[in-house]
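Chain residues, written in single-letter form:
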Amino acid sequence: MAEAVAGKQGPETTLFLRKATGLVRSWSVFDAFIYATFSINLITLGLYSFSQMYYFEGGLMPTLFISAAFLIFEIVVYAGLISVMPRAGGDYVWQSRILGGGIGFVLAVTGWWFILWLWVPLYADMLRQIFFTPVLGILGAQDAALWFSQTPLGLFVAGLVTCAFVTFYIAIGMKGYSKIQKVCFWVGMAGLLVVFAFLLFDDHEAFRSGLEQQAPALFGAPAQGLYDGIVKAGEDAGAVAPLFGGGILAIFLAMPYIVFFNLWPNWGATLYGEVRGATDFKRNFWGMAAALIVTTVLGAIFFLLISKTITWDFFMKANGAWWNYRWGYTEAAPPLPIWPYPALLAVFMTPSRVLQLVVILAMSTWWFGWSGTVFLSSTRVIFAAAFDRLLPEKVAEVHPRTRTPIYALLLMVVPSLIVTALFAWNVFSFQSLTLDSTLVIAVTYLGSTVAAILLPYVKRDLYNASPIAKYKVAGVPLITVAGIIFGGFLVFLLYEWLIDPNKLYGISLNNTSSVIYMAAMYGLALVLYLGFRFYRRKEGIDIDKIYKEIPVE
Amino acid sequence: MLTIFFATDVHGSEICWKKFINAGKFYSADVIILGGDMTGKAIVPIVHQGGDRYKAVLLEQEVRLQGEDQVQDMVNKVKSRGYYPYRTNPDEIRELNEDPSRLDDLFAAQVLKSAEQWLAYADRKLEGAGIRCYVSPGNDDLPALDQLIGGSKHVQLVEGQVIQLDDHHEMVSSGWSNITPWHTYREEEEDRLQARCECMIARIHDVGNAVFNLHAPPYGTTLDEAPELTADLRPKDAGRSLVPVGSHAVRAVVEKYQPLLGLFGHIHEAKGAVRLRRTLCINPGSAYEQGRLLGALIKLAPNQVKNYVLTTG
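Here the protein sequences line up with chains D and Z, keeping their order.
Just so we're aligned, residue 364 is where the first sequence starts under the numbering used here, counting upward by one.
Just so we're aligned, residue 58 is where the second sequence starts under the numbering used here, counting upward by one.
Excised from the complex, chain Z in its bound form:
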């Protein structure tokens, strides 16, 4: 029996990443898989005000800081929410406001710096643990992240690959998604996404025993329900109006090949597990900003999902 722990969309939350790395031991899993979207969405500047005084705004609340202890405390708070703390000064803030390309560079630098620290932590914790760790970056992750992960000793980059999980089960993975309103790094039209999936699936020996680890959930399965948005990206009807936003291509390949298990993410609100014909499809959801790691613990036997449970760790 193979025990898998799957989580996704940690979005820069250091505490969630650490929990993910420790989840194998905690849940006695053989394999831990991160479904993508490792990187954070915001940089919180901690602005020097002269002397040992700083100012920061976290969650729309201005905080005035004095001394290194308070600054470090704020840095940890920012990281725990999944944002990048950045020490700076009013002049640099002005320059960044005026030059968006510098901001892009800053984001890239922060993402890679943080990922480097995360991978070092993972390599330390997984050394000798006998737990395999697979990661496929998601649509929100910079392409440069792949190379960084490729250099890790214990975290294996699995984008586009067929991985042998045990004697019976193989896994294909992709962090690419269908088009979103945000036009992020790894998204493409449905036909191209389907071709990408088909290309991987063709290399599987026993698709009936396979795991499809695809970031975008299959369309219309409730694992893909997100608030409907207006043209200016406001949730309609105060967020009550939910619409399916998943991938038709992903649904098509799941229905066509009917693997044993489908692991998805992308839509944080759509935590759930459903059957698409014989395939158990799971989206554990994400609560990264609360520092809670939502996950799925799954036990696989030959030709069957022996058991599963969704977790909040």
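Just chain D, same shape as in the assembly:
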């Protein structure tokens, strides 16, 4: 029944294991890399945020790399927390244990549940721009393509499709979803390589000619002077973002925008096996870090290829023309009546409708493989809160046949559709709240980061018994050092978002809609926590004891 496992230092460092339930071998770092790569999705989140950054003066290339350097510390923090408290359930449990139940509840339900309502219209906006509009255009359904691209109802319908897809993923469970993700990863990568090939092997003249032929044919853009018209509209929009340079201050000011794309490698954090130690810390670290590094490099290659063939200047001006109109800064519709999706711009260089369609469909798997992430974490937090009796038992109920958490899903879908409608029709300037989606999760991350900084000091026994206890920088625990650096970065981001002295992000304390929306979310979380605490106390349950350590005499 028992076996000896020799250590790396030879047979003298053997560990003796019994055959016992749950003892498994290490998981694949490559698999973890795939899921983390989906979390910092270059094609959906990346291209969407780059395109909105047309007015920044910091070079996008250095912004991409410097932000990634800061996020390596985020990965150290999260890989460390997983090592010390494996399989604990993420931010909610880490914060609850280290900072207290109230803080853990408020930060987790806002960061992993409520704010995801706002992500639904953002996912939907990406879905319509990288899937519905280009696919329908290529198939010759120009009116439908433009309806999806330009109308609030088109966005709302894309929101309905998003909710339907995510519900489907939750219904089929993680087993089915992880398999779909894997297929989507390979298909999406193949599509990306073809897009890179178009950009690499064609030149600017071919692009310009393709654009002026295909965009009028597929989307009804003006047949004459389209290219120059886009450049002019981009100039009017103030599109200035350079690829390189811009000065260190300008680069730092661009970072609160780019993190909309790359702040999330920790969503790929995975299991930590029993009886394993430092290896699993390194596996988690490398799964996430490889995703961040590879995605950053792919992003840099994309930038360079865009610059070579489309030209950076034209790309940013096309983005400026589109968003300037979308955000209501001009009444003049952009000459290119759709979002300048780089994959679509690349396939404009082939006249083959079939090839265009195949590439766009392959690239859309970046969205389809990723979209499940919007609700999966939320349902887990809802369940965890229900088990802690901070929500009604009903919300953790699972349908006996389909094993679908119907009530938890309703708590996601119904508010998401309301927020999607507000966003689509821009009620209360909801479209200005895009970066709130990142800010609220950053606040949750800050909570976990503070917990990580304090961990070696407030949970000394737990930390000292963990595999990361030996990692120190100048005698200070690595998790504390990494936490201070990443925490400092988060504080800088929060300062820029909330105070916004240069008026760059649109969600400062001067944006009444943003302030009300965030206050409503944090207020609702606080009311839920205090209300259920009071209610349970009346029922004879002391919520404060849930996370209190049992004293051992």
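Treat the hints with care, since some could be wrong.
[Said to hold, decoys possible] Pair ranges (Cβ atoms, derived):
1. D:Val-854 to Z:Pro-359: 51 to 57 Å
2. D:Leu-817 to Z:Glu-255: 50 to 56 Å
3. Z:Lys-363 to D:Pro-864: 36 to 42 Å
4. D:Val-821 to Z:Lys-363: 32 to 38 Å
5. Z:Pro-359 to D:Val-890: 32 to 38 Å
It is worth saying that the hints were derived from the structure and are not from the lab.
Positions of the beta carbon are idealized from the N, C-alpha and C atoms, including for glycine.
Assemble the complex: chain D is given as a structure, and chain Z must be docked to it using the hints.
Frame of chain D, contents of chain Z only:
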């Protein structure tokens, strides 16, 4: 009203066992129940290097120790993770590596020695406390453990028995599980597991008010979701692919008899509470390697679960 504290799968963690024994007082419970799998999964050798020097590898990190204080500190660290510290020398390590049967004997000796100390601690702490303590060893526990527990004054072995919890509630218990990939001590085919359960349940007077304390969770209830494994026992898709691995037999008896409460364990990751028809089914999960005791505090009234909460103590 009867207050139960339930925990499970402490897997050799001494700190978790001590917390379990102290949980009755902490949560004001009348009864504390351990759902099985008391024993640890690994032995960590502390290898003599000559003089007062030793070497050990814990969590893949080699630690060199000098002096009794450092060795004792390492012993405590090893115990807190749920492993058995074992002082030895390079020659014995070599012999153990070469002879697996000696390793089995060593494991048995360590498990029983540790259990003996645990039971002595429990008898000391529960003396005069007015708290009843029930234990049913799980599929990972050696059969020899039963006899040891049977000799305890305050820890009652309840495997296969019907226990009267109070005037209204009875409890049946079993640590046996359906077949696992590890082929552990107490596992069997579903039909035999169902027969084992039926045999106990037949002796209950009022099954509608009963508690089923069964180690294996009912199949397909989310209380049984574990990472899907490859043939060589690696988690598929970096552990993301979760599959139900619970017992069909346990689900069948819960659905057939619909007791008031079902207490389960076995799958450490699958912490949760769900209703299977009228039965509240709870798996508190396990975080033994962190020294945290996951549990469930449940208040029972006649014909109803008055309240419950999952705890991290």
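Verification of the hints:
no., hint, in the structure
1, D:Val-854 to Z:Pro-359: 51 to 57 Å, "56 Å, holds"
2, D:Leu-817 to Z:Glu-255: 50 to 56 Å, "52 Å, holds"
3, Z:Lys-363 to D:Pro-864: 36 to 42 Å, "56 Å, violated"
4, D:Val-821 to Z:Lys-363: 32 to 38 Å, "35 Å, holds"
5, Z:Pro-359 to D:Val-890: 32 to 38 Å, "35 Å, holds"
This entry does not satisfy hint 3, going by the numbered hints stated previously; all others are met.
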